[in-house]
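Asks: Spelled out from the first residue to the last, the chains are:
There are 2 protein chains.
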Amino acid sequence: MPAAESVFKKQLSSTFEPASRLTASDLNPHALNAKYAVRGRIPTKAEELRNQLANESHSLPFNKIINANIGNPQQLDQKPLTFYRQVLALLQYPELMNHQAVVDVLPKDLIERARTLLDHIGSVGAYSHSQGVPYIRQRVADFISKRDGYESSPDDIFLTAGASTAVSYLLNLLSLGPQTGFLIPIPQYPLYTASLALNNSTALPYYLNEKDDWSINAEDLVKIIEDAQAQGVEARCLVLINPGNPTGAILKPEAIADLLTVAAEYGLVVIADEVYQENIFNGQFVSVKKVLKQLQEADGSGKFAEVQLASLHSTSKGISGECGQRGGYMELVGFEDSVRAQLLKLASISLCPPVSGQALVELMINPPTEGQESYPLYKQERDAIHEALKERSSLLYEAFNTMEGVTCQKPEGAMYLFPSLTLSKKVFEEAAKVGMEPDEYYCGQLLENTGICAVPGSGFGQVEGTWHVRTTFLAPGTEWIEDWKKFHAKFMEEHQ
Amino acid sequence: MPAAESVFKKQLSSTFEPASRLTASDLNPHALNAKYAVRGRIPTKAEELRNQLANESHSLPFNKIINANIGNPQQLDQKPLTFYRQVLALLQYPELMNHQAVVDVLPKDLIERARTLLDHIGSVGAYSHSQGVPYIRQRVADFISKRDGYESSPDDIFLTAGASTAVSYLLNLLSLGPQTGFLIPIPQYPLYTASLALNNSTALPYYLNEKDDWSINAEDLVKIIEDAQAQGVEARCLVLINPGNPTGAILKPEAIADLLTVAAEYGLVVIADEVYQENIFNGQFVSVKKVLKQLQEADGSGKFAEVQLASLHSTSKGISGECGQRGGYMELVGFEDSVRAQLLKLASISLCPPVSGQALVELMINPPTEGQESYPLYKQERDAIHEALKERSSLLYEAFNTMEGVTCQKPEGAMYLFPSLTLSKKVFEEAAKVGMEPDEYYCGQLLENTGICAVPGSGFGQVEGTWHVRTTFLAPGTEWIEDWKKFHAKFMEEHQ
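Quick note, the sequences are listed as chains C and W, same order. Take the UniProt record's numbering: the last position of the first sequence gets the number 496, and nothing is skipped along the way. Take the UniProt record's numbering: the last position of the second sequence gets the number 496, and nothing is skipped along the way.
Read the hints as simulated data drawn from the structure, not as lab findings. Treat the numbers as computed from the prediction; the structure is a model and nothing was measured. Honestly, I wouldn't trust all of these hints.
[Unchecked claim] Residues from chain W that face chain C, not an exhaustive set, calculated with beta carbons under 10 Å: (1) PHE16; (2) GLY71; (3) GLN92; (4) ALA101; (5) VAL124; (6) GLN358; (7) VAL463; (8) GLY465.
All C-beta atoms, glycine included, are put in the ideal place defined by N, C-alpha and C.
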């Protein structure tokens, strides 16, 4: 090969003043404005400490990092459900089904299931329809029809890469700029504020009432909508997270009906983030779709006929916990065809959601049933995961309520607790010295003393002057809960 | 359960004028402006015909649809590489490795490979680092270092869900509005114009020279940049697709060096879409990174030191053809840390790319090597796919060049041919009658008469007054090529 000097002679001899490279300040200001706390300063510090432990195992007052900052069950000890993984393995390498030895160790219904999926999918390595494999959409529609007692159509189902993709399409399509308002709960999952910043739209925060089980007051919503209108911002979307993240609360059907009444009157598109619908510990999950259909059925005047609802689900949470597989779906209810066509176009620009993730959606919503060979193990694994989550949520809840200055609502659903902290003047001063919010400072101290990584409430939003911590209850064992109690007592003593 | 009437008494009795639902005209105008031809009118019609055939198999003059519209190898007859799928099956269900019968039928190096990946990944069901699993990023960096002879760092590698995600992040971050210009080749892969429309930025088209093997003239670029500047549009990005989609042409190193010289002078971020780097039939692929490093090394003045390059690769194309698995990577060269941090933030809002897709990237860039048990089958399958593509590309090329009024450049790379059509006045008239572009009309007739679905050049952009068709050469067999020849002869006769 000839030397570069001779090949590129012309270019090398050309004379010009080279331009300098871009810095962050040259970039899209809306992208710069987006913040995402779940992977923010405390989790970044936790990564550093994890690396430090890997290199010098005794250099810190703990021997491992407890990731209580993110709902990532399989990063901790939660095992995937065998049934899911067996089917997914067969979809990746269908030839396994031609080996008698393999067939001998797998349940028969499972092999049949894999064959049916393959018949409809073809190869998991081929692009599917951008809206998702039609057969899987039909199965999702069947699941919803059965869950709610109201019909669902595969034309209204979009399979997605987790719920985040659905949020991204919806917010993008609904945003016209700062004059478009999105009602989002506070505290909230920061995906929403981050996506609104990206779309240069306006967040209209509505506060959840911590004292009343994180409830929502419909009259507050009306006031926010009308105040926004007076300032030139048109509310066009209402985001509900049910069960709540980070609150862990479940909305009652009457509360949902109140919110739908506001949506009907003000023409709000309702985004129902229902990804925790399987994580129920106390109470009962009722979908927004079901309440809407009940209202429509019972109402003679057609007041609820035009309500537009997008309901989201995911394989990442629930008992599945298959975050890395990026599966999910969105159901549209009451949308105009022309709007749905635009959503399909956005989906088509990303080509298609991961096909094995689509298959996983089918497995999640259509699990083995009693009498099938794969049922007993499935049931046993599923119950064990559910029980462990429930037990740890109670233990953690009880622990918080024994801690000085901490109050915590009883866990109902999701994967989180969001206790409130009463912090002393000294904490405020120490936090200010290091340029942190008081709850961020608390989380920093918790991390450095125990290895427990939790996220400060300031990353999710909270009533001014209140302070919180969001923690998952996914981490295995209970020793870390004891460590937290000890840390807290010492912290309170040192910051009197 | 009590009746809805009694539960929702308050809501049902509330009186208000319900708002009406949204129509497309209420939506984000930038989203409405985005067009995406690969899944546009002709492919939609093909879907309808496919359904018609499924219901009434003899109702059309053909018995199947030939999808030549999209680079989706496994939708057609291309089989996945066994090695990839065996490893992915083990990652989904690692328990298989504990069954002696399974272990007995799998190559030993493959099992070791799966174990190593699992050690680093943990579970494919857990979220990974948003930038991708560190180990896999290291392997990608090693691959690039070896390919180019210049060092690459895992800190500069982002694993992505196909190349589209990388394009989406980059265009979003670089766009400041209509005053930001992106130089894109015409014809182009319509992902770029669609993403620019979404970001409300300005496409600055540069035409590829069909007569000179779809080459790029650097002087044309300079003129476009300066003309744009005069109109208040700042060019800040240059998109290169190499090997070309839809053209199938490969850029020569000297041509790349010319383009990098323009980028250095005008401070353009270069996006090198190199997803077809394995699909080489005539000529040789040299990466933009390699040419940039050669220029930097040979240049004493530092003129090329500040060039910013993002190079994209994917598991969807090449010999893999694993589109549905959504794997890919982006390498950043020369970016400021502050800019990279913003890209990471965007990635973190989507949580992480599909983890099994990340593993597939590792398998693609680090295939079995001679002496390993899995090598012979891998090599045999790989060579067969490559040969079949090469053979069909030649057959199709030859067929086009026998057709009246058709000229076609010799295929060098990628998966496409983009022949030029000389169409008669009668075609123009017939097309106008049905509200189509002439080449769209041709594709519509081709589809309705033969079942072959190809995309008109108007979806990719073309010099005004010229007409093209883009077709893949992925469809199995050669009969469809004969069908196309017969159709063309008849079409030309009927439209004299």
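Asks: All the hints need checking, so say for each whether the structure fits it.
Replies: Results for each hint:
Nearest Cβ of chain C to the Cβ of PHE16/W: about 4 Å, under the 10 Å cut. The hint holds. The beta carbon of GLY71/W comes within 9 Å of a beta carbon in chain C, closer than 10 Å, and the hint placing it at the interface holds. The beta carbon of GLN92/W is positioned within 10 Å of a beta carbon in chain C (closest approach about 4 Å), and the interface hint is therefore held. A least Cβ separation of about 3 Å between ALA101/W and chain C falls short of the 10 Å threshold, and the interface hint therefore holds.
Below 10 Å, beta-carbon pairs count as interface contacts, and VAL124/W has one with chain C at about 5 Å; its hint therefore holds. Restraint check, GLN358/W versus chain C: the minimum CB separation of about 9 Å is within 10 Å; hint holds. The beta carbon of VAL463/W comes no nearer than 25 Å to any beta carbon in chain C, farther than 10 Å, and the hint placing it at the interface is violated. Taking 10 Å as the C-beta cut-off, the interface hint given for GLY465/W is violated, the closest approach to chain C being about 29 Å.
In this structure, the hints that do not hold are numbers 7 and 8, in rising order.
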